Structure formats: structure tokens, C-alpha cells
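Protein chains: 2
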Amino acid sequence: MTSQSQNNMIQEAIRAQKTREFFAAYPENPKAYAEDANQKGLEVFQKQLNQNFSLGAPENHSHWVGEEVSPYMMVGLGIRYPQYETQLLIDRAKNAWSAWKNTTVDERGSILTDALNRVSNRFFEIAYATMHTTGQSFVMSFQASGPHANDRAMEVISLATEELNRFENTVDWVKPMGKFDLKIHKTFQAIPRGISLVIGCSTFPTWNTVPGLFASLMGGNPVIVKPHPKSVLPIAIVIEEIRAALKNAGQDENLVQMAADTIDNPLTKELAQHKDVKLIDYTGGSAFGDYIEALPGKITFTEKAGVNSVILDSVADAQAVFGNLAFSTCLYSGQMCTAPQNIFVPSNGIKTADGHLTFDEVVAGICGAVKALVENPKMGPYTLGAVQNDLTVKRVDEAKTKTTVALDSLTVVHPEFHDARMKSPVVMVTDAADTAVWMHECFGPALFVVKTESSAQSLELAARAATELGAITCLCYSTDTNFCKQTTETMNAAFTPVSFNFTGAAFVNQHAAFSDFHVSGGNPSGNAGFTTPEYVNRRFVWVGNRYL
Amino acid sequence: MTSQSQNNMIQEAIRAQKTREFFAAYPENPKAYAEDANQKGLEVFQKQLNQNFSLGAPENHSHWVGEEVSPYMMVGLGIRYPQYETQLLIDRAKNAWSAWKNTTVDERGSILTDALNRVSNRFFEIAYATMHTTGQSFVMSFQASGPHANDRAMEVISLATEELNRFENTVDWVKPMGKFDLKIHKTFQAIPRGISLVIGCSTFPTWNTVPGLFASLMGGNPVIVKPHPKSVLPIAIVIEEIRAALKNAGQDENLVQMAADTIDNPLTKELAQHKDVKLIDYTGGSAFGDYIEALPGKITFTEKAGVNSVILDSVADAQAVFGNLAFSTCLYSGQMCTAPQNIFVPSNGIKTADGHLTFDEVVAGICGAVKALVENPKMGPYTLGAVQNDLTVKRVDEAKTKTTVALDSLTVVHPEFHDARMKSPVVMVTDAADTAVWMHECFGPALFVVKTESSAQSLELAARAATELGAITCLCYSTDTNFCKQTTETMNAAFTPVSFNFTGAAFVNQHAAFSDFHVSGGNPSGNAGFTTPEYVNRRFVWVGNRYL
Chain A
-12 MTSQSQNNMI QEAIRAQKTR EFFAAYPENP KAYAEDANQK GLEVFQKQLN
38 QNFSLGAPEN HSHWVGEEVS PYMMVGLGIR YPQYETQLLI DRAKNAWSAW
88 KNTTVDERGS ILTDALNRVS NRFFEIAYAT MHTTGQSFVM SFQASGPHAN
138 DRAMEVISLA TEELNRFENT VDWVKPMGKF DLKIHKTFQA IPRGISLVIG
188 CSTFPTWNTV PGLFASLMGG NPVIVKPHPK SVLPIAIVIE EIRAALKNAG
238 QDENLVQMAA DTIDNPLTKE LAQHKDVKLI DYTGGSAFGD YIEALPGKIT
288 FTEKAGVNSV ILDSVADAQA VFGNLAFSTC LYSGQMCTAP QNIFVPSNGI
338 KTADGHLTFD EVVAGICGAV KALVENPKMG PYTLGAVQND LTVKRVDEAK
388 TKTTVALDSL TVVHPEFHDA RMKSPVVMVT DAADTAVWMH ECFGPALFVV
438 KTESSAQSLE LAARAATELG AITCLCYSTD TNFCKQTTET MNAAFTPVSF
488 NFTGAAFVNQ HAAFSDFHVS GGNPSGNAGF TTPEYVNRRF VWVGNRYL
Chain E
-12 MTSQSQNNMI QEAIRAQKTR EFFAAYPENP KAYAEDANQK GLEVFQKQLN
38 QNFSLGAPEN HSHWVGEEVS PYMMVGLGIR YPQYETQLLI DRAKNAWSAW
88 KNTTVDERGS ILTDALNRVS NRFFEIAYAT MHTTGQSFVM SFQASGPHAN
138 DRAMEVISLA TEELNRFENT VDWVKPMGKF DLKIHKTFQA IPRGISLVIG
188 CSTFPTWNTV PGLFASLMGG NPVIVKPHPK SVLPIAIVIE EIRAALKNAG
238 QDENLVQMAA DTIDNPLTKE LAQHKDVKLI DYTGGSAFGD YIEALPGKIT
288 FTEKAGVNSV ILDSVADAQA VFGNLAFSTC LYSGQMCTAP QNIFVPSNGI
338 KTADGHLTFD EVVAGICGAV KALVENPKMG PYTLGAVQND LTVKRVDEAK
388 TKTTVALDSL TVVHPEFHDA RMKSPVVMVT DAADTAVWMH ECFGPALFVV
438 KTESSAQSLE LAARAATELG AITCLCYSTD TNFCKQTTET MNAAFTPVSF
488 NFTGAAFVNQ HAAFSDFHVS GGNPSGNAGF TTPEYVNRRF VWVGNRYL
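Chains as they are written, first to last, in my numbering: chain A, -12 to 535; chain E, -12 to 535.
Hints listed in this document are in silico derivations from the structure and should not be mistaken for laboratory results.
Please read these numbers as outputs of a predicted model, since none were measured by experiment.
Some clues are possibly wrong.
Which copy is meant is left open, because identical chains are indistinguishable; a pair holds if it fits in one copy or across any two.
[Said to hold, decoys possible] With a Cα cut of at most 20 Å, we get these calculated DMTMM-like pairs of lysine to aspartate or glutamate:
| id | residue 1 | residue 2 |
| --- | --- | --- |
| 1 | Lys170 | Asp304 |
| 2 | Lys262 | Glu280 |
| 3 | Lys262 | Glu455 |
| 4 | Lys265 | Glu455 |
| 5 | Lys5 | Asp159 |
| 6 | Lys34 | Glu54 |
| 7 | Lys285 | Glu455 |
| 8 | Lys265 | Asp277 |
| 9 | Lys265 | Glu476 |
| 10 | Lys81 | Glu447 |
| 11 | Lys265 | Glu149 |
| 12 | Lys285 | Glu447 |
| 13 | Lys88 | Asp239 |
| 14 | Lys162 | Glu(-1) |
| 15 | Lys81 | Glu476 |
| 16 | Lys472 | Glu447 |
| 17 | Lys256 | Glu46 |
| 18 | Lys81 | Asp263 |
| 19 | Lys358 | Glu447 |
| 20 | Lys234 | Asp78 |
| 21 | Lys265 | Glu280 |
| 22 | Lys234 | Asp93 |
| 23 | Lys88 | Glu476 |
| 24 | Lys262 | Asp277 |
| 25 | Lys256 | Asp78 |
| 26 | Lys34 | Asp23 |
| 27 | Lys217 | Glu280 |
Please construct the entire structure, taking both the sequences and the accompanying hints into account.
Structure, rendered in C-alpha cells:
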């Protein structure tokens, strides 16, 4: 791909960003790829097992570390990554920075678009790497870690290109002083903030990592990626390709480095607290996210936990709603930050186009839809995927002991992977007053149907959860225009977007690049979002010089 | 002024902002005003003395407070302002917010432009109010608190208008799904963050306050202004006019309130820590600024202390340089956040077009220029103005005891105000190694000439001071292109803008709206600047709703 066509792609992306219309730089349908691409990707992945993955990085590593375990095979992948002393990573980043900060915005955009093209040649390999670290299904692994992650990166490249060209670089300023004009020549430059640390999570190792990574690079900053020790390979492949693109362009590859570590000896705090680290991106739990946000002198971009609500008021087609909710809940076994957790239903039930449904009938309907999906052999295992972490299973089992279980986990055997860690969603029923049960994040395959006095109370509780605990999504089913309006106002005031009456192929879990903002940044679920202007422009500083 | 012409003005301001060219919505030459405007402004100011100033605010105040003292007359102004309980201010702000947050961006811009026009009718009154609270000269009081402050407000209105129109409000999103298209209607809204607290300073009560005030209002937020107890009247007049514009437009005046307090019983922490206060603007000392920045859950915009450097390497016309430095130092007796403090001069002196000057000759030249300006009866008193605060005098006297004094304060009597608190700049000489002397902010009429090994060391020390203590400006005199380039790179890396070889009418102290960014936000002198995109867009949150 030529630099010219890369620049055209960026211009097209800027246009798409402005109108927030659907944009896809990369075909997301695997059929669009070469017929043997899938097979070849699988082979490359398989050859990598039990081998060292060096990322083409220079030597001087202190250890080889690797502790990824396939949630499908329940065996370690045996892949080891070089680990480096923190100060060595910092020194290399500084070194690589000296040339990069003087590159033009166009050069950066062109090199990073080249990197995305290189990454797209490895989508299948990345898909298998994602599948066997996160437990996502193959299709989700392909989409989320491949084209959708690349789209998010492209979105960042386009927005950063626009922001960095926001002001004229040189201006001749003239001030009439009466008898003469005062003339001053001024230059304006976007100065990069400094070393950027991007901390990845275990469930979406590329999708949640590339926006911060690309935003920092576009802003002229060197990046150290600290992946989750259990989900390294997908982002390691991406980093390898960015390094290849940098090398090809004559830049120092160490502009992007990977800081591998282990669960027992994490390097995250040492890196985050280092005085030369100025920018921190973080995806993960709230406790650590709060620590990151409170670090003095750092600019942080966080995505933390949230409690997503469904407000069930009145529906046209109850079965379509239950089916939609079941899919959103089962998708990747509820391990999405966008998945619903609490479904608020009035105690006197809901109106439907086919008559009234009691509270118990609603619960039964949801349970039935989950059961039907889970037990559908062509759909269930592929929708659920596997559970990334044992703790997720334990968390859900613990939750079960505290309230009424309407539908327990069903036995699901993955047809290809008999040892896969499977856990279908547990549907629990609780009362609005039992906040100890539902008023906290229960990440994983758990769904609480919360009995409320009325839809008004449902809305009030959904807003309270969003304000106090954070929320990334909210789903509202209502045929009452006024209630929809109230819900919009109340949830938006809690900085939570609302999706209305989603059925069919529209799912609340999906946040599309170039269209949906992901995380508003206004409630405790995170302080930043993909991709608002400040997500990129806080990574550099405008400085103007003046020459008489 | 019609709404249409107000909107035209905003569009013009947006264009000017993009090109960062000189823009003046309001004539800054007092001669452009009515012939009796000055006299009338003075009379209104005089009538206000020893009277209550109610801001047209509703009752229920708990006290009347006021402790402003004229630095020119050294007597209290006797003006008292209503003080309210914090919770009452918060409740009124929330109340006023409910309608304001649903106004359109155009409505907000139009009402606030009307407010600026109303303010412009009171420029002379504001000038006298500023003069007799801050100690600024009449001309500076007029410019800084009048047209220049209005320009900064207009700059914010224009940038916010652009940011708030950044994304389409409605989009029909279509995703091809193979056999069918998935169509989702999406809306995007900028949701205001919440109550905004704007904390003013004693020296620039309107110029430093209106940017945050107008930015928060444009973002849809209610504002509580907490002025410095010693500089209330100038911003009280501005607030009165904003309230009048709001009332005229049918909006709740309490959208902008003033929280008067006293030195002994400050309300600032109580307001800042209130859970409903989400945005805080602050101008003032570093210790309190650090406290503000560290408050959890608040978005802050701070301008704190800094140590501004002059790097003297080589000059064309030494006398022109000394004259320029003398003016920048004498202007408002060094009480500007942009004023130079430390002049770094190599021990072996500097090259000039007329030959070499030794270090001592440079010191003598600076002292001579300061003396000549101060002792010029037509220039000195009017350039110096008066000193706002006794502590500033004490600080400089304390500094004098710690190093060599090359030029002590001279006796200056203001021809109109014999009791004025006058203090001409003290020029001190110190060695680079004596960091205890010069490596801290000494706000006020104090200038340190710091003897360095070389210009390279001068640059290194200037950058170190900027990085560790913050800097808002840097002045460099050099005829060496390479050294200028190095200075640009090094100081810009410390997020400090550099002005090169300023002589004549170009002064480092001046930061013009629509042209100069004021405070970069990248070093300890503050975390935000007038006016970058994030200065406005962090005051609201983009939230998108989706409708199937």
C-alpha cells in the first residue's frame, strides 16, 4: 500500500468520523479473505505453541515469561515472551522518542496505517491467539481482535490527524498600534507528553489496547504496552507488526515495546509510578483503575467495571425481546463490559402487544430464551465461548448462594473442545431492596432479574447504579414514548447511553468504531472513551513560540 | 445587538480561532468610546463605594461581606456583597440548570455574546474597580479586565460552539448483514458535567475568571464564581451583566452566582469538596492548586505559580534589550504570571553588535534601564501600578537579605495617589549554584540575574525550573540560529513557549486571545490553558442513544 493511498484512507476516515457513519476499512467477513487464510493462520498459531515469541526485540531481556492457558483446552500455551527491566524499557523508549517526536503528522499516520495493513494479514492468527487466551468464540475473536480493533485504531488515527492539524503551524500576527503595526511571527507545535503506558486486559487484549496505543503514537509519544499476563499473544502480534512498519520506515522499533510480566510478579505499578511515564491507559477492575486515576502527575484514560441495566417496561413482541436479551447475556458468557447484568421488571409485570405478562412470566420467558439458546447445539457453544478465568466461575457460584436461582448453569459441552471451561448464564431473581445482591458488578455469566415497584423505580435504580458504580450501556424496552424520553434524560444525566427496543440483529453489546462512543467518561465505569477529541488531544500539548 | 449579528460574531470568532490570527471584537483603545464614558464610569464606581452590591440576587443571604482595599488609596472600598450558605448556592445552581441544559448551543452563544456586549458598556467602571482592587494602572485595568477579558470569553464561546457542533446530532447507521441491512437511528448529545466552581485570583479578577466561567456555561453547566475576597467588584459587575442577559432571555439568573467570602472564613474548600461540584477552575498559588487538582472525582483547570526565565546569550542592540526587560519587569510591578523572574547570563558576558559586554556590564545595563523607567515621571508610576498585597512587599524584602542587591527599590510617589503601595523592582545578582535564592517563585517586583557558566547552562537551568516549578513564559535573546533552535526544542519539551529577541513594543507578558495559548498545561504552572479544545470539551460528555 502506498503512502498516498494510506493518506487517502486517513482522509476518508476523518470524513466518516465527522458524520459518525458506518465505516469499515477492513472487510469483517472472513470469506473476503483468501480461501486458505484460515488454515494458514491456524498453522502459524499452532507452530508458535511452546516457542519463544521475541517480537524482533533486541536482547538484554532478563527472563522469558509466559503463563497463558487456553480456556478451550485448559492447557498452557507454552509461549514465552522476553521480560525486561523497567529502566531498560524506559531508556529505550526515550531513545526511540527523539526521532519520532519530530516526524510529521502525515508520516505518523502513514506508518501506522501501514502497520494496520500488516496486522490485517495476520487476522486469522490473531483470531486463534485471542480464542485461546480469552475464551472468545472463533468468530468473535476474529471480529473483535481483527477488523473491529483495526477500525478503532483507524478511528484514532483519523481523529488525531484532525486534532493535530487543528491550528495553523505558523501565523504572522499583526497588531495595529496607531502609528505603526506590531508584527510577530508565531509558530504552534503539538508537543508530545512523554512515555505512554498502555495496560491491557485479559478479555479483549487488542480491541481495548490499540486505541490508547495508536492515540499515543499519533501524538508523538513512545509506548510501552503491559498486556495482561494471561492474554499476551494477540497484542504481541499487533506490536510485532507495528515494529515492522516502524523499521520499514526507518524509525526505531523500540518506539513500541511490550512489558511482559507474570501474575505473581506484576510490573504494572513499577511502570505506572515511574517518573518518566506521563500517560496511562488502563482497562480492568475498578480498584486498580482508581489507583491509576489517583497517581499524581499522570494523565489517565481508564475503562473500569460497570453495572449495566435493562429496563423492561412494555414491549411489542415479548419473545423477540427475551431472545435478544438471551443473546446479549450469553455472548461470550457475559464477559463483555457492555453486557447487561440487571434486568429491572415491575412487580406487576409488563404490557405486551399480546397482552399482559406477570413478573413470573417475564422471568420464565427470559430463562426459556437463555435455555433455548444455550441448548441449541449449533448456537449455544459458539455464542458462549469459554470462560477466561476460574474466578469468574467462582464469582457466579458465590452469587447463586445469596438469592433465588431461576435458571442454573446448564451443562454445555463444546463439540470441538471437550475440556473447555464452559458456564452458561445463571438467571437469578431478587428484590429491589436486596441491594447487596445486585448493586455491585458480578462480571461473567450472571443475570439478575430485579423486582421493582414500577418502571419509574426501575429507571431510578438503573440511574443510581450507573452514577454510583458506573455503566457502559443501558437497554430500555418501552412502547411508551414519554417513558423513553424520561429514560433518555435520566440515564444520559448519569452519562450512560441508552439503546431502545433492540431486537433481531441489534445487540446492546456492540459498539461500532466511527459510530458509537465506547464508555462516556462521565461515570465510574471509566474516565475516557473511544473516541472523543480529548482522548487524543490530551496526549500532546500545544506550545506557541514567538519571533519578532 | 440582534441574535443574528451575535451569531455572525461567533462564526467570525471561530474562523479567527482556527487561523489564530488577531481578533478584536471590542475596540481596546479607550478613545473609541464616548467622550464622557471615562467620567461616567468613574462616577458610577465612586457612587458604589461604601454601598452594598447585590448583583440583583434574590434574598436569603446570610451576611454582607466585603474587605476590598484600594492599593492606591490604602483605604477600604466599603463595598459589601451578599454571602450565602453553600447548600443554598448549590440548590439554586441545580434549579437554574434544569432549563439551561436543554438550550441549544446557538442560544447559549447568543445569550453569552449579549452578556459580553452588556459588559462592554461598563468597561470604564470595571477599569476603576480593577485599579482599586488589584493595583493595576488605569490603562492595564481597562485593557486586561475589559476588552482583553471579553476577547478571551469570546474565544471560549467560539471554540465551544465549534466543539459542541463537532458531531452530527442524528445519524442513520446502516450495517450490511448479507441478506439484510441492520438500520439503527442514533442520536448524539453533549451532556453537561454539572456544577462548575470558578475560583478567582486577586490580581486579574476578570481576565483569569471569564474563560472558565464562559466555557462551563457554553457546555451547559451552572457556575458559582468564588472571587478572591480582595478583588470582588470587577467580576461582580461582569456577573451582574451575565445575569441580566440571562434574565432578558428568560433564563434563570442563578445559573451564575457569586460566592463571596472573607480571608478569615473562606468558603473555597467547602464549595470545592461539595459532591455536586464537578468542574473546578482555579487561578492562584501552587499549594492550593495542588490540593484542587488532587480532589477525587473533579475535573480541574488550574493556573498556578511558575518561574519564568530569560536566557541572555547574544544581542543586536543591548540597550533595546535592557529597555524591553525593564518594561516587562516593571509592568504592574512584576505581579503578572507572565513576567520574567530569572535572567540567566553567562559569567563571561554576552556578545552584542557593538562589541562584548561583561557580566557586570549586563547587570549594570539592566539596573540602569529599570532605574530610567521607574524614575521617568511620565512612565514609572503608570507602568508600576501599585502592589496588591503587603505580603508581596515582604516577600521581596525577605529575598533581598539572601543575596547581592544590584538595584534596590526606588522611592516612587504616584502623582495622583500619594498613599499608593509602590515598590519598584529589586534587581538581585546570584550564582547559578545558589538555587535557594532563585529556584522558587518570588512573585512581585523582584528580578534575579543568575550568573551561569555558559548559555548552555542557562538553557539547562531555565528548562529545569520550568519542569520542576512550572513556567508560563520564557524570553530568549540570541543572534545564534542554532542556539535559538536548541532553546526552542529544550523549552518546548518542558512545555514552555519561547519568545525570541523581543524589543520595542513586543513584550513577553502579553498573551493575546485568538492568538497565544496562555499556560500550556504541560508543566507545574497549571494543568490547562486558554484556550485549547480540551479546555472546553472536558466540560461536557458525549452520549449517544440508539433506536431500532
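* Hints not upheld, ascending by number -> 11, 12, 17, 19, 27
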